[in-house]
Amino acid sequence: MTTQTILPVDAERLSELSLSGGEPGWLKDSRLQALALAAELELPKLEKTRIDRWNVNNYGSYKAAKLLTALNEAPSAIAALIKDQEDGSLIIQHNSGVVYTRLAPELAAQGVIFTDLQTAAKEHGDLVQRYLHKAVLPGEHSIAALHAALWNGGVFLYVPKNVVIDTPLQAVLLTDDAEASFVPHILVVADTNSSVTYVDNYVSDKAEAGLHNGAVEVFVGAGAKVRYATVHQLGEDTTDVTYRRAVVENDGTIEWIVGEMNYGDTASDTKSVLKGNGSSSDAKVIAVGSGSQKLNYTTQAQHFGKNTPSDMITRAVMRESANSIINGITKIEKGATRADGQQTEKVLMLSPKARGDANPILLIDEDDVTAGHAASVGQVNPEQVYYLMSRGITRHDAEKLIIYGFLAPVVSQIPLEGLRNQLQTLVERKLGQ
Amino acid sequence: MAADFVIEGLKANIEGKEILKGINLQMKGGEIHAIMGPNGTGKSTLASALMGHPKYEVTEGTAVLDGEDLLEMAVDERARAGLFLAMQYPSEIAGVTNSDFLRSAINSRREEGKEISLIRFIRQMEAKMKELEMNPEFLHRYLNEGFSGGEKKRNEILQMMMLDPKIVILDEIDSGLDIDALKIVAEGVNAMRSPERGFLVITHYQRLLNYIKPDYVHVMMQGRIVKSGGPELAERLEAEGYEWVKEELGIEDETVGQEV
Ligand SMILES: Nc1ncnc2c1ncn2[C@@H]1O[C@H](COP(=O)(O)OP(=O)(O)OP(=O)(O)O)[C@@H](O)[C@H]1O
Ligand SMILES: [Mg+2]
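Chains as they are written, first to last, in my numbering: chain A, 2 to 434; chain B, 25 to 284.
Chain A on its own, in the form it takes in the complex:
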């Protein structure tokens, strides 16, 4: 059975938008092709999740955003996130467009590019064209196709060869207008032997139904190192579908840190393609589900290169009647000798109505490899609660210690202190404490 994709925009309108945005011809064509694909493709198939029943059609339409002239004009919903960032490298997307861009001059001087993706397509067309939609392919399913047709705002980060950046570059992406489409695309290209940390936050401030259809593409050059941290804290009425992909060349490293702190239905897929020999990937996902959220989190590692280690960890706490499906897929291709793929998925359920399902999958086509997985789904252990209470700690505090303790081994490994503290606060908020 084919379900017709409802297109939120027609080809004519899409062309107009591209033209009025001053986009190069190749980009307009790319959008139109993706739109045509979207009409033919179906929704992605998610393990044990009926995404067709989710609210995934609330695209709204493109609305030009009003540029900020100073950081202190930013909406209050993101004030805390951008506090003291006047001198940092920061991009703010507000609904359909980027409204603030700053790149620290010392980075600009080294050739770093950090701008919204539309501007990048105009000013660095060759570079953008070489990478755009090469990791998340528009042909994968209708959501990816619609993303490629409709993306707006977004971030382009290019780090030249041998440039090592110590301070994180940041982006904040805010949706607060239900009628405006919110389809940011993040494209990171780290050239040979470069090193960079990028951190972004997705925030919503509205009560109407909405959708975030996001894609992240990271290209890690030979010997380069990219640390990509992302925190999603979208509200109850915003559905979040995000695909993240990294393609890693010889001896390159990708490190994912993902905080899934949304209040609405969320499907996310974070995948590392270890293309080069000696490339490696480390992914950490922390999630808290509450209310009646439906959640589907996937981490993936695909090994092509030899001597490629990958490790992925998802830890999720589910309260109330949140329902989570957690998938880990390690795929080792023939020829990826001495690959090592490890994965762990753990779910802690705090109420009888909460549901957690962990699905570790190892697909191995090469003999000379090591791989392992561990998965567990459980409740707060009454024996542990008793032990803590026997020292005078109240039941509430005892459970709290155990729940934080469940996440702590992963949170404590997050190398960025600010992010660690922020996640801690969001976890507390989501746990209602």
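Listed next, the in silico PhoX-like pairs over lysine-lysine satisfying Cα-Cα at most 25 Å (straight line): (1) B:Lys190 <-> B:Lys207; (2) A:Lys401 <-> B:Lys176; (3) B:Lys138 <-> A:Lys401; (4) B:Lys79 <-> A:Lys354; (5) A:Lys401 <-> B:Lys79.
Quick caveat, the hints were computed from the structure, so don't treat them as lab data.
Start from chain A and add chain B with the ligands according to the hints.
Showing chain B with the ligands alone in chain A's frame:
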């Protein structure tokens, strides 16, 4: 005020099976009572029932500490009322550091806004750890996770020292300890002896009682205290075993549930 602890007619079930069949025991601050007895006779059950382990259902009796019946209280209230149990098998809790745990335990005894300062807490903790010859790194380790048997026992004693309870129950604190550790732990306990505090020491071995000298020794069989005496009772048990007690009392099988 010297602690006054009176257990009367305590009966308890586990999964519907009666394990404690009426325990009577009186303790005062300053006293050390030892409980001995063969395996499976209800010693740990007594300790757990007093502390309020959720698996144990108290069906009859009272346990009154300074005028308050502990058995009416939740586990944490019993602890704050002054009861401390060093467990035979302490839980391991990943992700919760020893120091976060102990600080929460101390703060649970203080009013909001009057929490112990971090620096003071660390200082106290380090001092006590030194007495117990524990490596300071144990502060930052996850609670009991991967601790050796002996390290867990020391950690129980550390908690006792930090929490300053009125009635301390030590359930086989000597098991898993090497001879040096036994001395260290015993010194820790002895340092805590005071007219305000009573100890109930569950053990199989006289050796511990050489270090922690009891005033009274009780023998448990079939879920009851079947015999009580002074320190000489423990010595005789060490020398002769339990046969003579069983003979004296006409008991054939001493474990719980075997009585006719
Ligand atoms: N969860 C349980 N289910 C059924 N029976 C239990 C359970 N826990 C304890 N018991 C039984 O209760 C009895 C008393 O056990 P308890 O642990 O109190 O003995 P103990 O005197 O402390 O023994 P030991 O010296 O070996 O530590 C035993 O027969 C034991 O098998
Ligand atoms: Mg026992």
